[in-house]
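Knowing the structure of chain A, use the given hints to seat chain B on it.
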Amino acid sequence: MSDTLIENTHIAARRAAGEPDWLIARRLAAWEKSQTLALPRLEKTDISRWKLEEALPAGPTEAPGAAPASSAKSAYLATVNGTAAGGFVAPQLAARGVELLSFEAALEKLGERLEPFLLTAEPSTPDVLTALHTAYADGGAVLYVPKGVEIEDPIEIHQSFGKVSSYPHTLIVLDDMARATVVETLTSFDEEALTLNAALEVHLGQGAFLRYAGIQKLSTGVRMTYPHTAILDRDAGIEWILVSSGGGRVITNNETILAGEGAHAQSYAVFLTGGRQILDIQTRMQHYASHTTSDMDSKGVLKDASRVTYVGFTNIRKYSRGCASWQNEKTLMLSPDCRADLMPLLWIDDDDVVRAGHAAAAGQVNPEQLYYLMTRGVPEKEAMLLLVNGFLETIIGRIPLDEIREEIMSLAAEKVKA
Amino acid sequence: MTPTLEIRDLHVSIDEREILSGVNLTVKGGEVHAVMGPNGTGKTTLASTLMGHPRYRVTKGEVLLDGENILGMKTDERARRGLFLAMQYPLEISGVTMANFLRTAVNSVRGEAEALPVMAFHKMLLDRMKLLDIDQRFAERYVNEGFSGGEKKRNEILQLAMLNPRIAVLDEIDSGLDIDAMKIVSHGVNTVLNPNMGVLIITHYERILRYIHPDRVHILMQGKVVLSGGPELAESLEERGYDWVRTEADPAVAE
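Respectively, the protein sequence lines represent chains A and B.
Going by this note's numbering, the first sequence opens with residue 1, and the numbers climb by one from there.
Going by this note's numbering, the second sequence opens with residue 1, and the numbers climb by one from there.
Bound conformation, chain A alone (with noise of 0.2 Å):
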């Protein structure tokens, strides 16, 4: 490998910086194939005008200022533009060998461990945007449970971007029965136009479960492609808690593989539009096993004139036996010039399902329950949020933390009354 001439220089520069072969061979391949592949097809947003797939890597960049304060106990990091800025592993746990490391730092120390897990987690349908990432990704988090390892606390990652296009990677790997819970957070520390081609790859071996809150509140300057993979091994489980009300244009393939024999997955997702933000959501759930079980239940508040496709998508695999899936989506439509695309399908290839169906609604705000409102002399913007909240509680109701309830209606009150 160190013989061969490497034409493309940002990767050249990654393994002159040090990078082990197996990852340069990884990103040779990915970038190699970047060429032959094109942008993904989305339903309903054109994103061939994005550019997303014109970024260039800028590497790493001095963090300006300290890390905001966590108030995690477990295990907490702070990145910006995917460069380590702060953090600590409680001591018990980096004593039961428990990781949480910035992309680079976690090269360093973990070094070969990463080879079976580091960017190996490919979509079921690779597009150039993540041939791109895998190609470039350069910074990010890095967490790791070992086998048998049980975290009550959750984890915070906290990632703030701005100035510069990134291609940030996280990485969660729960190795057997290990169990986690992880709050990840994105940020913007400037409003200036940048593109972020993100990943996120999770690893749970058998029996783990990883419960991961997404909160996504980037400036609306950001263009993002954030696909979210997790790859599930026998009676592994994940619960997704994604939560999006930032970013101008965004795009995410939440793809959930349900490769071993009883995996489970749950997702929740909450998306909170305004202005002209354009937000494409697919959760997929990909049944390549038997006695798998998937759940989707999604909420959106839609305002002013931003749009939202979300594609909700079980696969059932002929020979997959036994399997459960459900999917429930709603959106309530704030304003007549916003709209949402919302499209549950499901594919199912064997006969033996023990249940699968999906319900999918838009709605707009009942003016006479605004009224009703009003008439108690709520002014109609708190009344307007009251209904909002109303709307989103059935689903926040069965969310496990309480943080992520409150941050979900703070930026539900911020949206409305803007």
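Incorrect hints may have been included.
Claimed, not checked - Derived contacts from chain A toward chain B, CB cut-off under 8 Å, selection only:
1) Asp127
2) Phe209
3) Phe313
4) Leu345
5) Trp347
6) Thr375
7) Arg376
8) Gly377
9) Pro379
10) Asn389
11) Gly390
12) Glu393
13) Thr394
To be verified - Partner residues are not named here, just some residues of chain A that face chain B (Cβ under 8 Å, in silico):
14) Leu37
15) Leu39
16) Glu43
17) Tyr371
18) Leu386
Hints listed in this document are in silico derivations from the structure and should not be mistaken for laboratory results.
If you're wondering where the values come from, they're calculated on a predicted model, not measured in any experiment.
Heads up, the beta-carbon is just placed ideally off N, CA and C, and yes, glycines get one too.
Same frame as chain A, but now just chain B:
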């Protein structure tokens, strides 16, 4: 200052059709007025117009609350100035608990400076719920969702009791109630009634006026008050029906 609601020559249309054609009525604090009339004479239009429902268009006239014309104000502002409407068909609001709704409403009406602390609010709520024989658990239920007809009406009076308005308009709060529910609702109204609150009861039936005694009774027909009198007027209606009023008041309508 004694609360006063003055309705002067009020004309109201819905979709270009005139429903109210010059209503005059004055209600003062401590007084109970009843507006009665057959179906389709504009009783609910009157109630909704007073509260500022966007569907009703005032083409002429004034509504003064404590001397100030409220017709240009939005619904929530009228409420904050002390007007209250108990509705004939209260709305269901999924996902919003009674406690949350009432606290938002009470604090909106009281204003930030006089907002009730949580504990004080809950004490007040439990107290008023007891008065209206409402189970405490209702505080955690969603607004009117799954409530029976009687529960919804009691809930309207609970809101009246919590908001303590200057002028309360009660729109057919007796419709669909059995006699026990009627007694509870009436008891609630009678308890909150005080010299600083005027009440305008809008009803089709005389029955509720046996429990909430009106000082004045007005008969609304064809968009106008055609006859006003004391409580005995309601009794005559019970005995003789509205046809009698029609004959009696026809010249007034024709005017």
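Comparing the hints with the structure gives:
1. Annotation: A:Asp127 was flagged as interfacial toward chain B, and the flag is violated, the nearest CB pair being 38 Å apart, outside 8 Å.
2. Annotation: interface hint on A:Phe209 violated; nearest CB of chain B at approximately 29 Å, more than 8 Å.
3. With its C-beta approaching chain B no nearer than about 27 Å, A:Phe313 sits outside the 8 Å limit, and its interface hint is violated.
4. Given the 8 Å rule on beta carbons, the hint for A:Leu345 is violated: about 27 Å separates it from the nearest Cβ of chain B.
5. Here the hint on A:Trp347 is broken, as its CB sits about 32 Å from the closest CB of chain B, past 8 Å.
6. The beta carbon of A:Thr375 comes within 5 Å of a beta carbon in chain B, closer than 8 Å, and the hint placing it at the interface holds.
7. A hinted interface residue such as A:Arg376 counts as satisfied when its beta carbon comes closer than 8 Å to some beta carbon of chain B; here the least separation is about 4 Å, so the hint holds.
8. The beta carbon of A:Gly377 is positioned within 8 Å of a beta carbon in chain B (closest approach about 4 Å), and the interface hint is therefore held.
9. Interface restraint check for A:Pro379: the shortest CB-CB distance to chain B comes to about 5 Å, inside 8 Å, so the restraint holds.
10. Interface hint at A:Asn389: satisfied, since its Cβ lies 7 Å from the closest Cβ of chain B, which is below the 8 Å cut-off.
11. Interface restraint check for A:Gly390: the shortest CB-CB distance to chain B comes to about 3 Å, inside 8 Å, so the restraint holds.
12. Given the 8 Å rule on beta carbons, the hint for A:Glu393 holds: about 3 Å separates it from the nearest Cβ of chain B.
13. The closest approach between the C-beta of A:Thr394 and any C-beta of chain B is roughly 6 Å, which is under the 8 Å cut-off, so the hint is satisfied.
14. This hint is violated: A:Leu37 has a C-beta 43 Å from the nearest C-beta of chain B, more than the 8 Å allowed.
15. The restraint placing A:Leu39 at the interface with chain B is violated, with a minimum CB-CB distance near 39 Å, outside the 8 Å limit.
16. Given hint, A:Glu43 at the interface with chain B, is violated; its Cβ is 29 Å from that chain's nearest Cβ, farther than 8 Å.
17. Interface hint at A:Tyr371: satisfied, since its Cβ lies 6 Å from the closest Cβ of chain B, which is below the 8 Å cut-off.
18. Hint status for A:Leu386 relative to chain B: holds, with the closest Cβ pair at about 5 Å, below 8 Å.
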